[in-house]
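S.K.: Guided by the hints, dock chains B and C onto chain A, whose structure is given.
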Amino acid sequence: MIAYGEKIREIAKKLLAEERVDLIIGFKQGTLPLMTEPVMIKEPEKTDQLYWSSFCSMNLANYLPKRKEKIGIIAKGCDSRNIAVHIVENQIQREQLYIIGVPCTGMVDRRKIQSLVDGKEVREAIESDEELTIKGNGFEQTVKKIDYLQDNCITCMHRNPVIHDELVGDLVEERKDPDPYDDVKEIEELAPNEKWELYSNLIKDCTRCYACRNACPLCYCPTCFVDEADPQWVGKSIDPTDTMTFHILRAFHCAGRCTDCGACQQACPVDINVRLFTRKLNKDALELYGCEAGLSIEERPPLDTYQPDDYDKFIR
Amino acid sequence: MSETVITREEIKEFIKSLQGSYEVFAPVREGGYHRFKQLTGDEAADLDFSNTRLSPKSLLFPQSERMFEFTLDETNEDSHILKETPKEYPPAVVFGIRPCDAKALRLVNVNFDNPEFTDPWWAKRLDSMTFIGLGCNDPCSTCFCTSVGCGPFHEEGLDILLFDLGERYLAKALTDKGEQLLGQGGFQEDADVDTRKRAGELKKEAEHKISSHVPTDKLKDKDLLNLFDAPFWDEVAFACINCGTCTFLCPTCWCFDIQDEVSKNQGDRIRNWDSCMFPLFTLHASGHNPRSEKVQRARQRFMHKLKYYVDKYGNGVACVGCGRCVNYCPVNIDIREVFKLMNEW
Amino acid sequence: MSDNPYLPYRARIEEIITETDDYNLKSFKLAFLNQEDEQQFHYTPGQFCEISIAGKGEIPIGIASSPTEKGFLLFTVNKTGVVTRYLHNMKEGDMVGVRGPLGNWFPWEAMEGKNVVVIGGGFAFTTLRSSIVFMLHPDNRSKFKDITVVYGARSPGLLLYKEELWEWEKRDDVNVHITVDATEDPEWQYNVGFVPTITEKKITTSENSYALVCGPPIMIKFTQPVLEKVGFSPEQIIMSLEMRMKCGIGICGRCNIGDKYVCKDGPVFSLAQLNELPNEY
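Chains as they are written, first to last, in the working numbering: chain A, 1 to 316; chain B, 1001 to 1345; chain C, 2001 to 2281.
Only chain A is shown next, with the shape it has when bound in the complex (with noise of 0.2 Å):
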C-alpha cells in the first residue's frame, strides 16, 4: 500500500496538467508521526504534496457536498461508498467526479499504537508493507500493522473502492470472514439495564465537540438538529440526557447509510467508541432490508424508501 503514493501523484498530476479536474482531493503527510492532513490541490507543481500511508483514516467524501468544481478525489474502499452515498442523496454528481480508487489493506489505528507504547510519545513512525515501526524516547519497536488495525478495518468487507474511475494498484482480496458482527451480538445479548449501563458508560467522557459528527461525511444538515435553536430540540449543556439524545439521534439520521468507515472514533478526542452506536444499526439494515450502504449508485437508502415486504413487525 505503500507504493500507492508515487501512484496517486502521477494521476493527480496528470488530471491536473490534462485539466481533466479542477482540483484533486487526497492526503498530505501530516505534521505528526501517525498522522496526515486532507488536502485539496488544484496545480500540478502541487502535486507531490500527495500523501498516502496507513494513516489516512479520514473519509475525503466529507469534502464533497455541495462542490461545484470537477473533482478528482482518492477514495479508500469506505470512502468510495460514501461517495456513492452523496451521489444517491444528490450532494454531488458522479459527472463531477474522478475517482482515484485506493484498494485497502486497512488503516492502523493511531489510538492501538499509543497504547501499545502505554501513552509514550511516539516520535518517528517507519511503514513497510506489512511492518509499522515506531520510535521514541527509550523505545523502538516494530509490529505487523494488521494487528493494529482500525476496528472497523478488521471486519471491513469491501475495502475495494465500489466505484472508480482508475486504481493505484490491483484490487486486494476481500475478507471472506462472514460475521463481522460479533461484537454488537454481545450487546443485544445484554438486559436493557445492562445496555443502558453500557452505552451511559461509554458516553460520559463526551464533551460534545461534535468530531464524530463533523468527520462524518452523511452529517452534511446545513443545520444539524442538535445545533438548532428554534425550535431548540436538545439542551445544550452536558446533561447526559441531552448527550445522550445526541448520540443516539446522531445514530438513527445515519441508518441505512453508514459505511463504517471509522472516521467519527477516529476523531473523538476522548476515544469514545462511537461506532458502538452506528453499528447496530448497521447490522438492522443489513439484517432486514438488505441493505449495505453506498454499494450503488442506483440505490437509495431503505429508510428513505418503501416496498410493500418491508420489514414491518414493528407495527402493531
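It is possible that part of the hints are untrue.
[What the hints assert, rightly or not] Here are the simulated DSS-like cross-link-like pairs (lysine-lysine), alpha carbons at most 30 Å apart as the crow flies:
1. K1340/B / K13/A
2. K2056/C / K1087/B
3. K2029/C / K1083/B
4. K1294/B / K28/A
5. K66/A / K42/A
6. K1218/B / K70/A
7. K2091/C / K1124/B
8. K1294/B / K46/A
9. K1294/B / K13/A
10. K1222/B / K42/A
11. K112/A / K1264/B
12. K2114/C / K1264/B
13. K1203/B / K1177/B
14. K1037/B / K195/A
15. K1218/B / K28/A
[Claimed, not checked] Sample of chain B residues with no beta-carbon within 12 Å of chain A, all distances over it, derived:
16. M1001
17. E1003
18. E1167
19. Q1180
20. R1196
[What the hints assert, rightly or not] Computed from the model, here is a short list of chain A residues facing chain B with C-beta under 7 Å:
21. M40
22. K42
23. P240
If you're looking for bench data, these hints aren't it; they were derived computationally from the structure. Yeah, the Cβ is synthetic: ideal placement off N, Cα and C, and Gly gets one too.
M.R.: Chains B and C in isolation, oriented as in the chain A frame:
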C-alpha cells in the same frame, strides 16, 4: 521564599493530609488518559504523565455551569425572578498542574477579570485555589512553550513549583499562598546549594529538550487587516471539519454560550462552553451570519489567539504551546504551521 | 450594575405599543421594580440592554428612551427569535429582567457645538430616537447646532414612533425628513424615496457636522457614498452595529470584529474605526 526538599513518600502524605481542609484536584489516569479529578479517599495522584488530555480550565470554568435559577410558578411571589445558584468556593489545591496550563489561567484571567467587569464564578474559584505546579522534565515533541513566553518550569500563575529530582522533589514556594501551604507540610529540609543547582540544571535540560519552535516576534507589528486578508487561510482551513476539539481542549479558549433550561416550572440559566468553530456561534436571529463559512471560523480562532489577543492585551499570544490541539485535531491542522504563516506573512 | 454583572434588574412591563402595521415591532415601556436599581441606572443614548426572560434567555436591545425621560425605559423589539417572540406575547404587568446599560454611546462630547445629521432606516431607529429626544430636551438643545433627521421605512405603516415624528416635523428646532420607499396612500404628505436618495437631496454639507447612521446594511451601503460626496470624513460618520451577543460585557467572546467586542467596545463605531477592522459583521 522557601525552597524545600520533599521525598516522594512525604509528598503523597502531604497531599493526602491536605484533603482534610482542601478540595484537592490532581491528575489521575482514567480510561486511556489523564484528567484532573478531585481526590477522595485513598485515590492518589498519578504524576507519570506528560499532560492531561483536557486542560484544567474546567476546574475554574466548568463546561456547563448553572448561573441562576428561577421558578415559573405564577403562584410563587418570586416567579420569573433570577436568583444566583447557591455555590460554595471551598479552599482548593490544584496539584500537579503543568506550568503551561498555569500560565494559561493567567492569560484567560484578563478576560474574566477585567477593569470593567469581573466574572464572579471564575474570580471566586481562582481566589480559592492554590496551584502546585509540576515542572516538565520530558517535554513532548509537540510542546512549544518556550516559543510563547512560557517554559517547562515557568512559574507564572503557580504558587508552588515542584522539580522532580528522582527520589525527591524540590518544592519552590512562589507566592505567600504557596509559602503558607508548604508550611503546613512541616518539611524540615531546606534545599542545599547542590539541590538548587540540580533543579536549575533540570530546567535548562528540559528547555533544551524542547524541539518545537515557532516564530512570534513579528505578530505584534503586523497589520491586522493584512493578516486577515492573507491568501493562506483557504489552505489552512481546507481540512478543518469545524469540530470543537481544538477549542474544548485548549487551555486558553474561554468562549461560552448562555442558555435557559426549564423542566416543569423550574429553570436554570446555564453557561456552556461554546466554540468559534460552530456556525451558530455568530448566527443572528435574522439569519445573517458574519462567519458563515468555515474558512472564516478557522481564521477567527487563529487570528484571535495570535493577533487580536496580542493587540488587545499587549500580553503576548493567547497560546501556551501545550500542543493539545496539535495532537488531537482529527485532521492534523497544526497551529505551529499557522504561527509560521502568520509571522512570516 | 450589581456585583454579578450577569444578574438582571427586575422590571415590569408598564405599557406595550404596537408600532408597525405588520405587528412585528412593539415598544415596551419598562419600569424598575426597585427604586435603588433605577437610581443607579445611568445611561447615555446609543447604549443597549440585555432584556432577560426567565426560561427563554436574553436579547440585546438598544435603549430607545432618552435619559431625559424619567421613570421608564423604552425598548422597541422586532419579532425574530425565541426571546423576542415570547416577549411579543407578554402582557402589561408581566415581569422581565434588564441588564445594563451596556456598551458605548454616540460621541456626545465631540458632537457638542456641531450640526448633527441623524439618518435612520426601518426599525434601526431606536437609539436614534433616544438621541433625538435627548438633543431636543431644553437642557441640551443649545449644545448642538442644526439637527437634521432623515428617517425612512418601506411604507408608512412600518415607521416607528409615528406620533412623535409628526410632532418633530412641525418643530422649527429640528429638520425632519420622513420618507417611505413607496406608498399608495393619497394622504401621505411627506417624502417618497429611499433614504440615500432623500439624504442626497437634504444633506448638502458636512461642515462642522456629525452623521449618526443606523439602518439595514443595504441602506448603509448606499448612504455612505452620499455622505462622502458632500465631504463627510470617516471620522464624522458614526454607526451602531448589531451582532449576536450573549454576555453583553465583553467576556463570552462571540461578538468580536477583529480585536473589538461589539458589546463592550461598541456598538457605536465611527466609519474610521470600522475601516480598520475586518469586514466581518
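S.K.: Evaluate each hint against the coordinates.
M.R.: So, going through the hints one by one against the coordinates:
For the hint pairing K1340/B with K13/A, the CA-to-CA distance comes to about 28 Å; that is within 30 Å, so the pair holds. A C-alpha spacing of about 23 Å is found between K2056/C and K1087/B, which places the hinted pair at or below 30 Å, so the restraint holds. Between K2029/C and K1083/B the alpha-carbon distance is near 24 Å, which keeps this suggested pair within the 30 Å criterion. Between the alpha carbons of K1294/B and K28/A the distance comes to roughly 20 Å, so the proposed pair stays at or under 30 Å and holds.
Among the hinted pairs, K66/A with K42/A is consistent with the structure: their alpha-carbon atoms are about 18 Å apart, no more than 30 Å. Our distance criterion of 30 Å between C-alpha atoms is broken by K1218/B and K70/A, whose separation comes to about 39 Å. Among the hinted pairs, K2091/C with K1124/B is inconsistent with the structure: their alpha-carbon atoms are about 39 Å apart, more than 30 Å. The hinted pair formed by K1294/B and K46/A meets the criterion: a straight-line CA distance of about 23 Å does not exceed 30 Å.
Restraint check for K1294/B and K13/A: the C-alpha separation of about 27 Å stays at or below 30 Å, so the hint holds. A C-alpha spacing of about 29 Å is found between K1222/B and K42/A, which places the hinted pair at or below 30 Å, so the restraint holds. Taking the CA atoms of K112/A and K1264/B, the gap is about 46 Å. The hint is violated against a cut of 30 Å. Pair hint K2114/C plus K1264/B does not hold up; C-alpha atoms about 56 Å apart against a cutoff of 30 Å.
A threshold of 30 Å between alpha carbons decides the hint, and for K1203/B with K1177/B the separation of about 23 Å falls inside it, so the pair holds. Only pairs whose Cα atoms come within 30 Å are accepted, and K1037/B paired with K195/A is accepted, the gap being roughly 27 Å. This hinted pair checks out: K1218/B and K28/A have alpha carbons roughly 28 Å apart, not beyond 30 Å. At roughly 33 Å, the least C-beta separation between M1001/B and chain A is larger than 12 Å, which holds for a residue marked as non-interface.
E1003/B, annotated as away from the interface, keeps every beta carbon of chain A farther than 12 Å; the closest lies near 29 Å. Even its closest Cβ contact with chain A, about 20 Å, leaves E1167/B beyond 12 Å, as expected for a residue assigned away from the interface. Against chain A, the non-interface label of Q1180/B holds: every CB pair exceeds 12 Å, the least being about 35 Å. Annotated as non-interface, R1196/B keeps its C-beta farther than 12 Å from every C-beta of chain A; the closest such distance is 27 Å.
Look at M40/A: its Cβ gets to within about 5 Å of chain B, closer than 7 Å, so that hint holds up. Below 7 Å, beta-carbon pairs count as interface contacts, and K42/A has none with chain B, the closest being about 10 Å; its hint is therefore violated. The restraint placing P240/A at the interface with chain B is violated, with a minimum CB-CB distance near 11 Å, outside the 7 Å limit.
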